[in-house]
Amino acid sequence: MSNLEDNLKAALERTGPPPGFSGRVLARLNGQAPPKVAWWDLLSVLLRPPRIQWVALSVILSVMIPFAGVRYQRARRLRSEGEKAKQQLVFAVHMAGNKLHRVQQKVLEIGRMDTRL
Amino acid sequence: MVFSMSYHFLRDRSLAEELAQEVFLELYRNLAAIESPAHLVFWLRKVTSRRCIDQTRRRAFWPKFRLDEVPEPVAKIRTADPMLSRALARLVASLPEKARMVVILRYQEDLDPMEIAQVLDMPIGTVKSHLQRSLAMLRDKLARTVGEIAI
Amino acid sequence: MKILCRLTFCIQIGAAMYGQALDLTHLERLAAKAKETADVNLDGAVLKLGAKFLSADDPDQVKIKKLVAGLKGIYVKTFTFENEGEYSDSDVGGIRKQLQSPGWSRIVGVHSKKDGDNAEVYLKTDGPGGGLAIICANPKELTIVNIVGKIDLDELSELGGSLGVPKIDLEKPKPAPKKDD
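Residue numbers (the working numbering), protein chains in the order written: chain E, 1 to 117; chain C, 1 to 151; chain D, 1 to 181.
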């Protein structure tokens, strides 16, 4: 994923609703007339939770899911940053070892020349 | 999720809350159609997307912040930071409605193109095309707006 | 030979002290002139994060993890230029000046008239901290490596040959032969 895409994920990170949002939604729902229900739908009430609880559950999920989503996105970002840091670390160690080796090669070269002399 | 999608689309907290409340009212009226928690999440995304796009078309909505209001930064920005995030969020809000929603579903909701196509009832080719063009547009606008950024 | 022995002696001591990172910010202007630049700044939490992501299944990465366990920071700046003369002696001089402060010892200095390569290795062997600094100043390339913290050159040399890091053969000093009276 490119830097722009990473930046977009950060910029579009889920944001929670203002405080009291759930209460305001439920207050509006309580003021609503109950929807007309066909007789066959009444049977489904036996199998599913009551409607108001469904909506309450979805409102709560809609508030909780952002936080779970935020944690998930943070974990993804941490993984991405960790991989980048690891690559830089491996490169840095490679560079240090490589340069030390070249210095040693030079030293050995000089040592061989001294011996010949 | 519902509020967040609305906010990133509309860039207006009060409008986003109003829209989110309307979505939950619609949910209440259509509860019989909900089959499972997964279906609930799908339904919420679908309806929120549709309402956001409809809202924009109805109101001829303009983003609150225009690109020429974004100040030119002095220094090179090397990594994502709050300033960059804000600039990017504003640029996303300036995209055409369908492309904007595609970008939000991709980068906020982390949906893949197939899932986005299902939510928006759009061919997958169109989704990919929106994504490609939007990224190119954002990259270009961002570079012009905030100077050199390693993207 | 003397140089090798001195290097080996330093390895045996195993610089186990901590120090401050060198100030390399004055080199950043060289990035504009360089055709290729690499800039690594790993310290504190970022260094630990990178080490955490090293694979436990890869024997070389296990060695790197062990090597960096005691480190406080790793800083690398490397610039590759199209032409010679794109950086000046004063660019490198600023770093050498810092390495003249107490505690730092230049353990190797190599200059090649043939190809113009210069290389210096410094160890911080005194004071409250320790570390390693390498300056490689070639006509078209400048590399500065600064490692802050416990650094075991033996372990660093063991990494030679893996991950493209060449082995470094460092001899342990032989005991001096007893003289007959």
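Hints are supplied without guarantee of correctness; some may be wrong.
[What the hints assert, rightly or not] Here are the in silico distance ranges between beta carbons for each label pair:
1) S80(E) with P59(D): 24 to 30 Å
2) K33(D) with F42(C): 50 to 56 Å
3) K114(D) with D140(C): 30 to 36 Å
4) A33(C) with E36(D): 57 to 63 Å
5) T126(C) with D57(D): 41 to 47 Å
6) Q100(D) with D140(C): 33 to 39 Å
7) G44(D) with E83(E): 37 to 43 Å
8) S94(C) with G94(D): 30 to 36 Å
Calculated from the structure, these hints are not laboratory results.
Small disclaimer: the values here were computed from a predicted structure and weren't measured.
Yeah, the Cβ is synthetic: ideal placement off N, Cα and C, and Gly gets one too.
Quiz item: Which numbered hints does this structure break?
Solution: Per hint list: 3, 6, 7, 8 violated.
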